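*Asks:* Sequence:
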Amino acid sequence: MYSYLNGELAELTPLIAVIDCGGVGYEVEIPLSTYDKIKGQKRVKLLIHRHQNDDGVRLFGFFSIEEKQLFRKLISITRVGPKIGLSMLSSLPVITIVNAIVSEDHKLLARTPGLGSKTAQRLIIELKDKITEINVSSTESTLLATTDITEEAENALLSLGYKQLDIRKAFKFLLKKNKSLSVEDLIKKTIKYLYQKG
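All residue numbers for the sequence shown refer to numbering that gives the first Met the number 0, where the first residue is 0 and numbers rise by one.
These are computed hints drawn from the structure, not numbers from a lab. Predicted model, so just to flag it, every value in this text is computed and none were measured. Heads up, some of the hints might be wrong.
[As the list claims (entries may be wrong)] Taking lysine-lysine and the BS3-like style, the derived pairs with C-alpha atoms no more than 30 Å apart in a straight line are: (1) Lys38 - Lys117; (2) Lys82 - Lys175; (3) Lys106 - Lys44; (4) Lys196 - Lys162; (5) Lys41 - Lys117; (6) Lys127 - Lys117; (7) Lys129 - Lys106; (8) Lys176 - Lys188; (9) Lys176 - Lys117; (10) Lys44 - Lys175; (11) Lys44 - Lys191; (12) Lys196 - Lys129; (13) Lys176 - Lys196; (14) Lys44 - Lys188; (15) Lys44 - Lys117.
[To be verified] Quick list of simulated restraints, FRET-style, between CB atoms: (16) Arg49 - Asp184: 14 to 22 Å; (17) Asn154 - Lys191: 15 to 23 Å; (18) Lys191 - Gln40: 37 to 45 Å; (19) Asp19 - Lys127: 34 to 42 Å; (20) Tyr194 - Asp53: 40 to 48 Å; (21) Ser102 - Glu10: 14 to 22 Å.
From the three backbone atoms N, C-alpha and C, an ideal C-beta is built for every residue, glycine too.
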């Protein structure tokens, strides 16, 4: 049973990290949230979930214990496999997923590629009473304290044709600099940010 891997980051893509531990390279599947936190580093420590099925053994790695805990709870739900679990963590911060489950916002969860409305509703029913066991980090809580504002701004940007993943990456960057942006300012700055990145 693997608890974590601590070693040299030999290779990294947005979906895969190869960690060299004592001359052995471990291929680990990761969400974008973990990729964002470890890119540029020479050595990393990833918390590991070992998953075995008919296709063999797969290793999934996470930067934080909250990501790992949430991933395990998500894949315990029927029809929510590792692929969808990683997709959810790549699309939404842990605190947003937790809040969506607690507030029964199945529409927000159903935006995840591969996760339909019915499965999102089942996920909420089965996890609502268990999800509070996850202690969301204070950093994430502070960063996304403006959840209502970000949701309103996101909906506006989605209606303008921007991609959800691009929007949320922009939000993460902008809210680190200024957590008290108004909806209007957040929309304007996001459009400017995405234009410059494009």
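*Asks:* Out of the numbered hints, which ones does the structure contradict?
*Replies:* 1, 3, 5, 9, 11, 12, 14, 15, 16, 18, 21
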